[in-house]
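Colleague: In the order they appear, the protein sequences are chains A and B. Last residue of the first sequence? That's 358 in numbering that gives the first Met the number 0, and every number before it is there in order. Last residue of the second sequence? That's 358 in numbering that gives the first Met the number 0, and every number before it is there in order.
I should point out that these hints are in silico values taken from the structure, not numbers from a laboratory. It is possible that part of the hints are untrue.
It does not matter which identical chain is meant; a pair holds if it fits inside one copy or across any two.
Computed list of lysine to any residue pairs in SDA-like fashion (alpha-carbon distance at most 25 Å, straight line) [as the list claims (entries may be wrong)]:
1) 7 with 95
2) 56 with 313
3) 7 with 124
4) 218 with 192
5) 356 with 72
6) 356 with 241
7) 7 with 72
8) 356 with 52
2 protein chains.
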Amino acid sequence: MTTPLAAKIAREYGTPCAVIDMDRVERNIARIQAACDAAGVANRPHIKTHKSPMLAKLQIEAGAHGITCQKLGEAEVMAEAGIDDILISYNLIGEEKMARLGALQARANMTVAADNSTVIAGLPQAAAISGRPLSVAVECDTGRKRAGVETPAEAIALAREIAASKGLVFAGFMLYPTETGWAEAQKFYDEALAGVRTHGLDATMVSTGGTPNLKNVGKLKGATEHRPGTYIYNDRMQVAAGVATWDDCALNIYSTVVSRAGPDRGILDAGSKTLTSDTGGLDGHGLILEHPEARIARFAEEHGFLDLARSNTRPNVGDVVRIVPNHVCVVVNMMDEVVMVRGEEIIGTLPVAARGKLR
Amino acid sequence: MTTPLAAKIAREYGTPCAVIDMDRVERNIARIQAACDAAGVANRPHIKTHKSPMLAKLQIEAGAHGITCQKLGEAEVMAEAGIDDILISYNLIGEEKMARLGALQARANMTVAADNSTVIAGLPQAAAISGRPLSVAVECDTGRKRAGVETPAEAIALAREIAASKGLVFAGFMLYPTETGWAEAQKFYDEALAGVRTHGLDATMVSTGGTPNLKNVGKLKGATEHRPGTYIYNDRMQVAAGVATWDDCALNIYSTVVSRAGPDRGILDAGSKTLTSDTGGLDGHGLILEHPEARIARFAEEHGFLDLARSNTRPNVGDVVRIVPNHVCVVVNMMDEVVMVRGEEIIGTLPVAARGKLR
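Next up, chain A with everything else stripped away, as it sits in the complex (with noise of 0.2 Å):
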């Protein structure tokens, strides 16, 4: 079964290809701002999943309050496009990367991250080279073992060690919390703060991270700002994670069937270069909704095996299928653009500009 918008995609443009829903994409950003709203936090959203200056003005035009990125790449293409409160949560290190940084700071308000002291002690290089201070937070680790310090000792060492280092700035505290990890944050937060306090700093941003947290936005006493991402479209793993339904899900990858060679098999044209090996932790790589009950089960990089044989429907060959994928972001760095709709509507191509920004 294709559905007259799967068969007019097809035809216009092709299979395998990602699909977005305008109504979809702006209600997901009204809710979520809502939600920011009422908690009384800023919402900065990591622009990592839609990788669109396009879409980060509409997320600002909705309220957000600058933006958040990765890669120093990403924040390039938002910068020329206008947008001048950037956070690049990322540690970042080295003298190529301190000219680029210096470069985008003296045309936008930028903030990095730091966990250690080996790139707090490059970040000067970047200040100079905009002529103005340079905000630094501290990235705390409370609980995913990424990047982070893991005690609030540390956390104060470095908050001193940026406000003693040459046009930098201590801007405050950035936190990813588990989704059960809340209490903890709370309690590093808080004795972090009373330690930068001693010494004569404050935090002006405490920014907490997550689509999935979107549940817990607000708790931590004293964040000003929350980062998600992946809620402009969410995906599978963020309705396993109770955050979103399907009918929140804005991205799907229209993929023709192109073989049917067992009776309980076949072939998507989408495979680990399109959908990603990511599995977001869950059984399958993706949802079919027109068969619910059929599991991706594998990839090669261009085939996507469908395994049938629990699935009472099953489609056949050059049936084009909707897919909502199990982690969006990653997905969506695979491609150069998207097909943006309204319901049954194509209105064209929207380039995900910052995609392949590796550096």
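Since the structure of chain A is already known, use the hints to place chain B on it.
Modeller: The following block gives chain B in isolation, referenced to the frame of chain A:
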């Protein structure tokens, strides 16, 4: 420990950065061409690995007989660069694709694969647009349960359908035996060939595939060509498969250690948006040449989680390390360009011109 070349790459390009050693690339091209020559089969390299017309031309200059693409968009990039013998080893379906295939076939010699009647029914449209016959090979499943008919009887029936279709020419059979399945592939092929011959047809293309299968190349009696892809760069999977040594691995990801928040762990600036979550069935996500006992345990999108518990040497923040990826084809697909070196000398950048050609 950062090598002098790694320091130079980081300074000139930043990290993460894909670096290919052209001496190794050329050696890999020559070695596998010689292996195909010795086995008496033509080499039709799969360009999915490098996605570069420049490298495809090096393969052809070294003796390759045409190329293989998985996507129409890849073939378009290659034809645009003047390559005129192209196999698209994939079921192509839909008007949009037939129009593009017709335009391609008008200027390059195209062969496509088919494993079902729906695909075959669409192809005459492309032939009509091109104004000349289109070669079609029947894809046979020989154990992978991917695309491909499961029985010789189906292969024979499809060959007859192709031969009876206006504008189509039956080219032969495309196989992709498993590494241990060449005896079964021989049986399948012999039966299919005998069958088509009783109907007055013959197979001029008998194509086998896979870099791990290079140890089997020439084993299929009657094979006319082989389609290896990964051999141009090699990776951890090919070393594990016994078809390459570490010295044959021509592509490294240069990545900076950006955090060491705990003694037993660290963070690389290469995550799933650089190295991908394709494990290739291996433990860990790549070999770090400077710290072979370190384990790239898992990924966030832009963070590689280093487990250093068993590593006798541990990197410092700011160190630039070289990583041999598990599966190089999907890694190259993440970036718009790679940096070329010869030994310690940087030559310049090479666009991954056919990257992101999902369709």
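Colleague: Hint by hint, say whether it matches the structure.
Modeller: Hints, verified against the model:
{"no.": "1", "hint": "7 with 95", "result": "between (46 Å within a copy, 10 Å between copies)"}
{"no.": "2", "hint": "56 with 313", "result": "neither (41 Å within a copy, 43 Å between copies)"}
{"no.": "3", "hint": "7 with 124", "result": "between (53 Å within a copy, 19 Å between copies)"}
{"no.": "4", "hint": "218 with 192", "result": "within (16 Å within a copy, 70 Å between copies)"}
{"no.": "5", "hint": "356 with 72", "result": "both (5 Å within a copy, 22 Å between copies)"}
{"no.": "6", "hint": "356 with 241", "result": "neither (31 Å within a copy, 34 Å between copies)"}
{"no.": "7", "hint": "7 with 72", "result": "between (35 Å within a copy, 20 Å between copies)"}
{"no.": "8", "hint": "356 with 52", "result": "both (14 Å within a copy, 22 Å between copies)"}
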